[in-house]
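In this text, residue positions in the sequence shown follow this note's numbering: the first is 1, and each later residue adds one.
Keep in mind that a hint or two might mislead.
Unchecked claim - SDA-like, lysine to any residue: derived pairs with alpha carbons at most 25 Å apart:
| id | residue 1 | residue 2 |
| --- | --- | --- |
| 1 | Lys-253 | Ala-221 |
| 2 | Lys-619 | His-564 |
| 3 | Lys-392 | Gly-662 |
| 4 | Lys-123 | Pro-72 |
| 5 | Lys-327 | His-608 |
| 6 | Lys-583 | Leu-610 |
| 7 | Lys-423 | Lys-583 |
| 8 | Lys-123 | Ala-291 |
| 9 | Lys-306 | Lys-523 |
| 10 | Lys-253 | Glu-228 |
| 11 | Lys-284 | Tyr-391 |
| 12 | Lys-523 | Lys-253 |
| 13 | Lys-330 | His-608 |
No lab work stands behind these hints: they were computed from the structure.
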Amino acid sequence: MPSWKLVSGLCLAFFGGLVAVAGIGYAMVSVPSEENAAALSENNVYYWEDGTQMVATGSGQNRQNISFDRIPEAMRWAVISAENKSFYSDSGIDPMGIARALGNMARGGDTQGGSTITQQFVKNTYLTQEQTLSRKFKEMFISIKVGTKLSKDEILQGYLNTSYYGRGAYGIQAAAQTYYGKDAVDLTPSECAFLAALLKGPTYYDPAGNESIDSSASAEANRNRSEERWAWILEQMHNDEHLSTAEYQEAVKRYPMPQGRKATKGMTGQISYLVDTAKRYVLKNSNITEAQFDQGGYQIYTTFEKDKVEALAKAVRKVEKENIDPKREKDQHVQFGAASVKPKDGAIVALYGGAGFENGHFVNNADTSGVPVGSTWKPFVLAAAMQHGTYKTNGVGVSPASKYNGNDHLKILNNDGSYVLKKDNTPFFQENESDKPWGYISLRKAMEQSVNTPFVQLGMDVGMKKVADVAQKSGILEDSFAGLNASFALGTSTPSAIRMADAYATFAASGKQADPYSVTEVKYRGSELSGFEKPRVKQAMPENVANNVTDVLENVIENGTAQHAKELGRRAAGKTGTTDENKSAWFVGYTQQLSTAVAMFREDPKSHRLLSMNGTAGKDSIHGGDIPTEVWTEFMKVALKGKSDPGFPKAEKIGEVADGVGAPSPTPIETETEEATPSETPTPTETVTAPPSPTETETCGPFDFRCRDEEEEDGGTGNGGGENGGTDGGVTTSPDPTESEDPGGTRGGGNGGGLFGGTGG
């Protein structure tokens, strides 16, 4: 056993060593100042894909220190009451807070832990990104030294001059100008409480919102958080007797809503959205905080190609000028958003985010949420059917030649044959955009003409969970999904243009998917930071499934709703989309080299609710096949100029023909003639017989399409209308039976209208 003298000696030596280390550390550190922090502030520099400089922006342009007497007394007491009530009496350090920080760091967690205003001031003066034990001890020694060398007023002045208030504003003077357009000395107690609330975290307490950084930081959520903390700070000031009752009642009377965002130097046009997108990517893929990032010193190398960004903006402006007249009421508040992504890579080469920060438009429309994508979702339904099959095929894929009922106003069936019901337990009817009687058409034809009813029933047959899974693996974020009900198949989800372009790039790349990215490299004062490798490319769906989707979508451009895109002059594939009440219109299309999504919508600038585009551009309604497709074509012409036209890989035959319930049997061999529209459908031969009309004694099951619904009538010998044509088509005065409400008659052949036509015209 060691003697007590040895133990005592070792203990004394150990504690003596600690005292010596502490003494040396204390002697070696210097006291920080806000002047030093301001001098070290730098801009962030962004670069185009080719390495040339895009823009330099940062805190160096928005920082100004002021003296203690220019800081309102209400501002001083606001931060003291909210953050450090014992500021004027404590030693400047919080031992328990430091212990928590060291414990967190030892466990690999967050190293932040300073809780006193003195410690916050010390932390604010450090612009390096080190997260080390030595730095934490250094901060502790500096905090102790600051407490002995600087007066409390000097510490408080330094803290308020070096704190980050959001919107790129460092220091109370910059914050007063940024949020209220006045000098700090003129701030009211209510405004001081608002600015003090921002110190909790401007990303989440700025009522303008910061959804580009975090989707939970919406304007509404931020306003609620800000107002709650503002009121609490004023209450604390009153409780601490830093506001009289009269002053408190006056201050709390009305929330001091700050002015809107303003564009900073260089943040104009599309540059503002490019920087916004790249900044968000950096913050998401690193442990850098927004405050640290905005202190500057970073070099950000992006994927954006200057010529393509300019071409996309020019395409939007050209088509907008040709179609939109702001003097017309229905043309007001029209918005465009677009993005272009490289297949097999994920690099975002161009985007269009809106009119620019300088015009008060701070939401990036290329990366927005809340705009339903409509029928551009249907390819995911088809892909899921080809990959997984339906409940009837036992996992065997479904061929695009399969036929489904394309008529308007159809009841949708569950897998057990029962009808899908609405909340009031009445049957759910799916509508098409028109009441054209398509009858049973192939999925290929339904995609070509964007007929809704086949894809809603197909989605139910496949299972909407499988549709969602295919969409997610293709690149769509789960948090943008709508509810997995029958309408899910028609694009009630709200992914961004960036994500739609990326997901369609998966089809272009024969099923290979890479997440979209906007930054290739980040340096801090010349030193490269980790975490910015290119996203991994993975096989999201079987190659032939993707190739068959592409084959079907080529037909949409060649013969269907996107024929404007034929002006591109090269092989391309894509899909149009229009939503209920015409609140948004999309076109997403691609070649092997580039996938581009274009969205168009109207938005109330105050409520941010989507408005109908019925009447916009002088049209009854806006479709994805007109203005959005025109923008897409104008851009792609320039973006692909001089590039080869590789077309697409050949789509091999896939799946089995699995017709929807009630389809005529046997299924005719699919030919070009079969794919014609109803007006071109030949008259059936005499060998085609109509199913007999049910008698009054027959029992009608959910799968028996000979039975009429309550709201429909079978055609008799005198008319060919209804879902089930009579034995003879009725007489019609229409020169074209497909345009008559009661097709059939003398020119109706044997169809007689409806699902099952009569045997004679």
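Hints versus structure:
Distance check on the hinted pair: Lys-253 and Ala-221 sit about 21 Å apart at the alpha-carbon level, within 25 Å; holds. Between Lys-619 and His-564 the CA atoms are separated by roughly 16 Å; this keeps the pair inside 25 Å, and the hint holds. Restraint check for Lys-392 and Gly-662: the C-alpha separation of about 13 Å stays at or below 25 Å, so the hint holds. Restraint check: the Cα-Cα separation between Lys-123 and Pro-72 comes to about 23 Å, which is no more than 25 Å; the hinted pair holds.
Distance check on the hinted pair: Lys-327 and His-608 sit about 21 Å apart at the alpha-carbon level, within 25 Å; holds. As the CA atoms of Lys-583 and Leu-610 are separated by approximately 6 Å, the hinted pair is consistent with the 25 Å bound. A C-alpha spacing of about 24 Å is found between Lys-423 and Lys-583, which places the hinted pair at or below 25 Å, so the restraint holds. Between Lys-123 and Ala-291 the alpha-carbon distance is near 12 Å, which keeps this suggested pair within the 25 Å criterion.
Taken as a hint, the Lys-306 and Lys-523 pair is honoured in the structure, with Cα atoms around 21 Å apart against an allowance of 25 Å. A hinted pair counts as satisfied when its Cα atoms are at most 25 Å apart, and Lys-253 with Glu-228 qualifies at roughly 13 Å. Taking the CA atoms of Lys-284 and Tyr-391, the gap is about 40 Å. The hint is violated against a cut of 25 Å. This hinted pair does not check out: Lys-523 and Lys-253 have alpha carbons roughly 47 Å apart, beyond 25 Å.
This hinted pair checks out: Lys-330 and His-608 have alpha carbons roughly 16 Å apart, not beyond 25 Å.
Checked against the numbered hints given earlier, this structure breaks hints 11 and 12; the rest are met.
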